[in-house]
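Take the given structure of chain F and dock chain Y to it, following the hints.
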Amino acid sequence: MKKSTKRICSLVLIALAVVLLFILDGHKNEQGMLISILQKSAILAIVAVAMNLLNGFTGLFSLGQAGFMSIGAYVTAILMIPVASLDGVYYMNGVAPGIRSLKEAMEAGPAWLQATYPFLALIAGGLIAAAFAALIGIPVLRLKSDYLAIATLGFSEIIRAIFSSPQMDTITNGSYGLNKVPAFPKLFGLPVLFTPFIIAAVCIALMVLLISSTYGRAFKAIREDEIAAEAMGVNLFKHKQLSFVISSFFTAISGGLLAMFMRSIEAKTFSITLTYDILLIVVIGGIGSVTGSVLSAFLVTASKEWWLRFFDQPLVIGGWEISLFRTGFRMVVFSVLLMVVVLFYRRGLMGDKEFSWDGLVRLLKKPFARRAPAGAKGGAGHE
Amino acid sequence: MSLTTILQHCLTGISLGGAYALIAIGYTMVYGILRLINFAHGDIFMMAGYFMIFAMASMPWPLAIPLIILGTVVLGVVIERAAYKPLRTAPRMSIMISAIGVSYLLQNLATYLFTAIPKGYPEIPFLKRIFKIGDLSASLVTFITPVLTIVLVLLLMTLINHTKVGMAMRAVSKDFETSRLMGIKINTIISITFVIGSALAAVGSILYFTDRMSVTPFSGTLPGLKCFVAAVFGGIGSIPGAVVGGFVIGICETLLVAMGYSTFSDAFTFLLLIVMLLFRPTGLFGEKSTDKV
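Protein sequences appear in the order of chains F and Y. If you're matching positions, the first sequence starts at 1 in the working numbering and goes up one per residue. If you're matching positions, the second sequence starts at 1 in the working numbering and goes up one per residue.
Errors might be hidden in some of the hints.
Have a look at the derived ranges for each label pair, beta carbon to beta carbon [unchecked claim]:
| id | chain 1 | residue 1 | chain 2 | residue 2 | range |
| --- | --- | --- | --- | --- | --- |
| 1 | F | Lys-238 | Y | His-162 | 48 to 56 angstroms |
| 2 | Y | Leu-140 | F | Ser-175 | 33 to 41 angstroms |
| 3 | Y | Ser-137 | F | Glu-107 | 56 to 64 angstroms |
| 4 | Y | Ile-117 | F | Thr-5 | 51 to 59 angstroms |
| 5 | F | Trp-307 | Y | Gly-120 | 49 to 57 angstroms |
| 6 | Y | Leu-7 | F | Gly-233 | 57 to 65 angstroms |
| 7 | F | Ser-303 | Y | Pro-125 | 46 to 54 angstroms |
| 8 | F | Gly-233 | Y | Leu-222 | 38 to 46 angstroms |
| 9 | F | Lys-186 | Y | Phe-279 | 33 to 41 angstroms |
| 10 | Y | Gly-120 | F | Asp-87 | 34 to 42 angstroms |
| 11 | F | Asn-179 | Y | Leu-222 | 20 to 28 angstroms |
| 12 | Y | His-162 | F | Tyr-345 | 51 to 59 angstroms |
Think of the hints as simulated: they come from the structure by calculation, not from any bench. Positions of the beta carbon are idealized from the N, C-alpha and C atoms, including for glycine.
Bound conformation, chain F alone (with noise of 0.2 angstroms):
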């Protein structure tokens, strides 16, 4: 295919999306649903790349992502609560003096600095997240494969209870949470319903824009060899920092988001659960496959909340209820389907490739070819 009509293609594929996101702002009342699933993708689908870049692109196995993403959602919350709500939401043990005054006087700016808040606390919550990446990073990161990845796991475990404990609750709420939180706020005068796909977009581009600089080259060879790595000249910790920090500045964005999303966060939506559903993307999706991560988070949220709702509920053939199908049943044949992905196609939805419209036109073609070429199994291949 050549190069001219691939961009046409992804052209008309984004002015696609573009179309259905106003087709799906008309009639937002009856597509609550599929709006609701389509956002809570696009947010997960950056902390699924953002954990991509870590575990797919360095090598680094981080099972972190729910502290980070709790840091993010908690500043976030706290910095967006409107002064007004603020002793509702903390009824029980009143609000730290300092949050309440920031808060203050953060109302009292002029309005088009009040329009950037949203962005300013998503990016605070980053930058945060970021720091304390950092300062974790310096010890944690010399930890070999799966020594790092009990030690982020219990990392993100003692965020988890610092943010429930009741030394916190006139900053996190302790155990009752923080509620109140505001919605999506309106980005580029576009309609609320575009915003998370925009900061998606943008954040997953710049992952992107990371992975193929030199950056992106280091912290590739440190994958395939740390040792050999090092020799070219590659400065082992100054990388692993580096992809440690910014992945978990974007998990942060991600949890940010899903705080606005969610309208109401507790320390128990970030629990060991959530990192384990955040990894089930990116081995679905392909572990070192950003097309993967993104095509996966959709894909998996798509069956999880809506496709296989069904399997939790009491199924009837002819009269006879079967009794295999209730509450709970979903989840167990999704964790099925991770075990078969994960014994029998190691390489997921995309492998370590990334989607192109060669592969795309290969994969369709491959049904009526004669005999498959090599290589262009397991979805779309490389150009």
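Relative to the frame of chain F, chain Y by itself:
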């Protein structure tokens, strides 16, 4: 805090530590041989809790206990055969993801089969009998746990140091290929490791849940992670290390809870892990390992 209260808490801590030690052995043995953090181990422990609930519903405890140990062992071996064996030659990240997948599956399966509502753990009347020593009072299980742990560990140490199977285990943990060349059936040895680990987890679950009285599908996650920390603390691959680690974490946790920092007791465990990995990555009794290029 009076001396009696402190001693009382220490007693509870030692009892909790004993249960942790038994679970930590499962981690340390599997890690010693497969170099894999068996994330599913905590969930095997949780499943053993559920097995006990169902076994006790229909039979007396002397019959139920051997049965659930058997059930847990079968579960452990099936998991090893189905989820870890096909990935022997795969990169370490895949097998770790597989372990996480099994853990995810067991949790979801338990939620599906037994619902997420906590289920009451059956009482074994004779374990619950209250004993008094001076001002201290505790149920029998509190006294039995450390004793039972020590006895089981001594038995295990004898098995590892003085039998052929134990020798084969030590060989496999040193070098996969060479031990295969020496005629050791690696898969059998790995299965035996899982048998021992799961059986100890089952015993640990009886001791742990008798004190806590209820089981949920997620009650295995945190104890599992803590026991892994215990194994790392003691030096991964070392059985006495795992036991010492289990007791240290159990006692520290109980004392923290007693001092009113219960929300931080979990955090403390992981802090201990990070500090330990920083200053002595091989743990208290671990062997020094060198990286080969």
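Is the gap between the beta carbons of F/Gly-233 and Y/Leu-222 within 38 to 46 angstroms? For F/Gly-233 and Y/Leu-222 the Cβ distance comes to about 43 angstroms; the hint holds.
Mind checking the hinted window 33 to 41 angstroms against the Cβ distance between F/Lys-186 and Y/Phe-279? violated, 51 angstroms
Measuring from beta carbon to beta carbon, are F/Trp-307 and Y/Gly-120 in 49 to 57 angstroms? violated, 37 angstroms
Whether the CB-CB distance between Y/Leu-140 and F/Ser-175 falls inside 33 to 41 angstroms: The hinted range 33 to 41 angstroms holds for Y/Leu-140 and F/Ser-175, with Cβ atoms some 34 angstroms apart.
May I ask you to test the hint 51 to 59 angstroms on the CB atoms belonging to Y/His-162 and F/Tyr-345? violated, 45 angstroms
If I claimed the Cβ atoms of Y/Ser-137 and F/Glu-107 lie 56 to 64 angstroms apart, would that claim hold in this structure? For F/Glu-107 against Y/Ser-137, whose Cβ atoms are near 58 angstroms apart, the range 56 to 64 angstroms holds.
How does the Cβ-Cβ distance of F/Lys-238 and Y/His-162 compare with 48 to 56 angstroms: does it lie in that range? About 50 angstroms separates the Cβ atoms of F/Lys-238 and Y/His-162, which means 48 to 56 angstroms holds.
F/Gly-233 and Y/Leu-7 - C-beta distance against the hinted 57 to 65 angstroms: Holds, at about 60 angstroms.
Please check whether F/Ser-303 and Y/Pro-125 have a Cβ separation lying inside 46 to 54 angstroms. Given a distance of about 48 angstroms, which is inside 46 to 54 angstroms, the answer is holds.
With 51 to 59 angstroms as the target window, see if Y/Ile-117 and F/Thr-5 comply at their CB atoms. Holds, since Y/Ile-117 and F/Thr-5 (Cβ atoms, about 57 angstroms apart) stay within the stated range.
Using the beta carbons of Y/Gly-120 and F/Asp-87, state whether their distance is inside 34 to 42 angstroms or not. Distance hint for Y/Gly-120, F/Asp-87 holds at roughly 40 angstroms.
C-beta pair F/Asn-179, Y/Leu-222: status relative to the range 20 to 28 angstroms that was hinted: About 26 angstroms separates the Cβ atoms of F/Asn-179 and Y/Leu-222, which means 20 to 28 angstroms holds.
Hint violations for this structure: numbers 5, 9 and 12, all remaining hints satisfied.
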